[in-house]
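Enquirer: Whenever a hint applies, use it, and build me the whole structure from the sequences.
Number of protein chains: 2
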Amino acid sequence: MDLKSAIRTIPDFPKKGIMFRDVTTLIKNYPAFNESIDRMYELIKDKKIDAVAGIESRGFVFGAPLALRLGVGFVLIRKKNKLPGETISQEYQLEYGTDKIEVHKDAITQGQNVLLIDDLLATGGTMGAAAELVEKMGGNISSLMFLVELPDLKGRDRLTRWPVHSLVEFEGD
Amino acid sequence: MDLKSAIRTIPDFPKKGIMFRDVTTLIKNYPAFNESIDRMYELIKDKKIDAVAGIESRGFVFGAPLALRLGVGFVLIRKKNKLPGETISQEYQLEYGTDKIEVHKDAITQGQNVLLIDDLLATGGTMGAAAELVEKMGGNISSLMFLVELPDLKGRDRLTRWPVHSLVEFEGD
Chain A
1143 MDLKSAIRTI PDFPKKGIMF RDVTTLIKNY PAFNESIDRM YELIKDKKID
1193 AVAGIESRGF VFGAPLALRL GVGFVLIRKK NKLPGETISQ EYQLEYGTDK
1243 IEVHKDAITQ GQNVLLIDDL LATGGTMGAA AELVEKMGGN ISSLMFLVEL
1293 PDLKGRDRLT RWPVHSLVEF EGD
Chain B
1143 MDLKSAIRTI PDFPKKGIMF RDVTTLIKNY PAFNESIDRM YELIKDKKID
1193 AVAGIESRGF VFGAPLALRL GVGFVLIRKK NKLPGETISQ EYQLEYGTDK
1243 IEVHKDAITQ GQNVLLIDDL LATGGTMGAA AELVEKMGGN ISSLMFLVEL
1293 PDLKGRDRLT RWPVHSLVEF EGD
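Chains A and B are the protein sequences, given in the same order.
In short: position in the first sequence from 1, add 1142, done, that's my numbering.
In short: position in the second sequence from 1, add 1142, done, that's my numbering.
Just so you know, these hints were derived from the structure itself, not from any lab.
Model, not experiment: these values are computed from the prediction.
Hints may be right or wrong, so weigh each one.
Copies of the same chain look alike in the list, so a pair counts if it fits in one copy or across any two.
What the hints assert, rightly or not - Taking lysine-lysine pairs in the DSS-like style, the calculated list, with each CA pair at most 27 Å apart, reads:
#1 Lys-1190 with Lys-1278
#2 Lys-1247 with Lys-1157
#3 Lys-1158 with Lys-1224
#4 Lys-1247 with Lys-1146
#5 Lys-1189 with Lys-1157
#6 Lys-1146 with Lys-1158
#7 Lys-1247 with Lys-1158
#8 Lys-1222 with Lys-1189
#9 Lys-1224 with Lys-1146
#10 Lys-1146 with Lys-1242
#11 Lys-1189 with Lys-1278
#12 Lys-1221 with Lys-1242
Expert: Below, the structure written as structure tokens:
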């Protein structure tokens, strides 16, 4: 199946000049959504993975089913001030200013092998911060998984310390 | 398995006097998370369901695996201004003021049978708005599904038009 054709492109969102890759059309399409999880599973099934951690909020949509397919728990990496328990946070750069992601302090334990997942790899800023956060907690990064990659934004160049997987690419972004 | 004991309670979050039921401890616990999805599936497997729609963002964690288990697509119901395409929205009451949820206009089609899911039923305000949104689009509500219910807040009283399911209850909230 051509997963790429299941993803809709919306021009000028969230601002002029951006071609937004809208994965909601893939998610509501059962055969495409199911095959996405299958293909992700095939890419990493032989790795040591003790937990999957997904980045809010589209990372939850792919991460939760993948964790269950792997037979491991799922960890939520959230925007700041969303998690109720004690958290560890990591700042990352935005175009203007900085933002922060957080995870519960007890969500990842020393030596755990963690697969990190988000829907889309653009510049890699958020995922880089998430990977550093997991390492700060003593976890090992098994892989970084994305449904979509925008190679022109060179996100992989920021993530060279870790294995990166993606299922589909859109050029010209 | 006692799913209730897999859920952590955090006092005074997000404000003094609230006993916050933290489902992240269940989600990171594979046997508990997997059994939650199994039990939800058992409750609704004989119903007519063409799509699962989950409410941002913890509803995504339970809704996506349940949709795949049922063999149907998954629809994202999001906070305002998050979805890139044309949306339909529904307001709902907060303690102070109002908020809005949105869904893509083409995400649900006339006559589709939709299961709505969120992690927790408190006053039922958000879920009521989500159900009205789906009906406004011509969808039929198959059921409203929650992991946790807080019966003292009488959310079911706001949702009497639809069948409501939950897996665990916490009294005294």
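Enquirer: Hints first: check each against the structure and report whether it holds.
Expert: For each hint, the structure was consulted:
no.	hint	verdict
1	Lys-1190 with Lys-1278	within (19 Å within a copy, 46 Å between copies)
2	Lys-1247 with Lys-1157	between (35 Å within a copy, 20 Å between copies)
3	Lys-1158 with Lys-1224	between (30 Å within a copy, 16 Å between copies)
4	Lys-1247 with Lys-1146	between (37 Å within a copy, 21 Å between copies)
5	Lys-1189 with Lys-1157	neither (39 Å within a copy, 42 Å between copies)
6	Lys-1146 with Lys-1158	within (23 Å within a copy, 47 Å between copies)
7	Lys-1247 with Lys-1158	between (39 Å within a copy, 22 Å between copies)
8	Lys-1222 with Lys-1189	neither (30 Å within a copy, 38 Å between copies)
9	Lys-1224 with Lys-1146	between (32 Å within a copy, 22 Å between copies)
10	Lys-1146 with Lys-1242	neither (30 Å within a copy, 31 Å between copies)
11	Lys-1189 with Lys-1278	within (21 Å within a copy, 46 Å between copies)
12	Lys-1221 with Lys-1242	both (6 Å within a copy, 20 Å between copies)
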